[in-house]
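Take the sequences, apply the hints, and build the full model.
Protein sequence lines, in the order shown, are assigned to chains A and B. Note that this note's numbering numbers the first sequence so that position 32 is 32, with each residue one more than the last. To get this note's numbering, take the position in the second sequence, counting from 1, and add 1000.
Quick caveat, the hints were computed from the structure, so don't treat them as lab data. Be a bit skeptical, because a hint or two may be false.
Below are the DSSO-like pairs computed for lysine-lysine, each with C-alpha atoms no more than 30 Å apart in a straight line [unchecked claim]:
| hint | chain 1 | residue 1 | chain 2 | residue 2 |
| --- | --- | --- | --- | --- |
| 1 | A | K2 | B | K1057 |
| 2 | B | K1013 | B | K1057 |
| 3 | A | K2 | A | K56 |
| 4 | A | K70 | A | K2 |
| 5 | A | K113 | A | K67 |
| 6 | A | K70 | A | K56 |
| 7 | A | K42 | B | K1057 |
| 8 | A | K67 | B | K1057 |
| 9 | A | K2 | A | K67 |
| 10 | A | K67 | B | K1013 |
| 11 | A | K42 | A | K113 |
| 12 | A | K2 | A | K42 |
| 13 | B | K1057 | A | K70 |
| 14 | A | K56 | A | K67 |
The primary structure of each chain is shown beneath.
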Amino acid sequence: QKEVEQDPGPLSVPEGAIVSLNCTYSNSAFQYFMWYRQYSRKGPELLMYTYSSGNKEDGRFTAQVDKSSKYISLFIRDSQPSDSATYLCAMSARGSSNTGKLIFGQGTTLQVKP
Amino acid sequence: KAGVTQTPRYLIKTRGQQVTLSCSPISGHRSVSWYQQTPGQGLQFLFEYFSETQRNKGNFPGRFSGRQFSNSRSEMNVSTLELGDSALYLCASSSGLDPDTQYFGPGTRLTVL
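Okay, here's the thing in structure tokens:
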């Protein structure tokens, strides 16, 4: 079993829809949670990060973390065709054996149709 | 601030050869992490360097190595290339403090023939 599970999709939605992207994890030591967006043939771009349970909002994006359920989500409101990309969740834990190391989900491919 | 840069962007090698990839972090960042991205395995951690010292290493064979220079620039080397080494190699830059966030470069696309 992988430490981080993410539905690869693809997920196709109409423009303006609310998108929900999710990851589950098994390692209770994970404390830092991030969402990256990756366009085709580009490097991942950091969208959101959070270090605690609860919600964090940034423009059209909301990141949600539920440590008790080991579940994180990213919501995109008023989705746009330019949001079409692969979304990767990433997590890390504290401690010397985890220094500089992010564990990624497989990524969810999102297509927003005009 | 300029972002993370990686060179070269594309590389084609044959089996048995070796390759060196370069990464320049964001100015002021002292930590560089390297990842391999493939369609089957996704993004996997290779190693992390901070102030010229390797602090952490992933589960890759010894053919994969790296180093960091005093200006925080980092290189990774893959010797005796195998077909399975074809991948996008990404480096990520961070301050190296805890907690921390990583910022990725555009990657080097390596094709092994």
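Quick rundown of the hints versus the structure:
no.	hint	result
1	K2(A) to K1057(B)	holds, 19 Å
2	K1013(B) to K1057(B)	holds, 25 Å
3	K2(A) to K56(A)	holds, 26 Å
4	K70(A) to K2(A)	holds, 13 Å
5	K113(A) to K67(A)	violated, 33 Å
6	K70(A) to K56(A)	holds, 17 Å
7	K42(A) to K1057(B)	holds, 24 Å
8	K67(A) to K1057(B)	holds, 27 Å
9	K2(A) to K67(A)	holds, 17 Å
10	K67(A) to K1013(B)	violated, 44 Å
11	K42(A) to K113(A)	holds, 21 Å
12	K2(A) to K42(A)	holds, 25 Å
13	K1057(B) to K70(A)	holds, 25 Å
14	K56(A) to K67(A)	holds, 14 Å
Against the hints set out earlier in the document, violations occur for numbers 5, 10.
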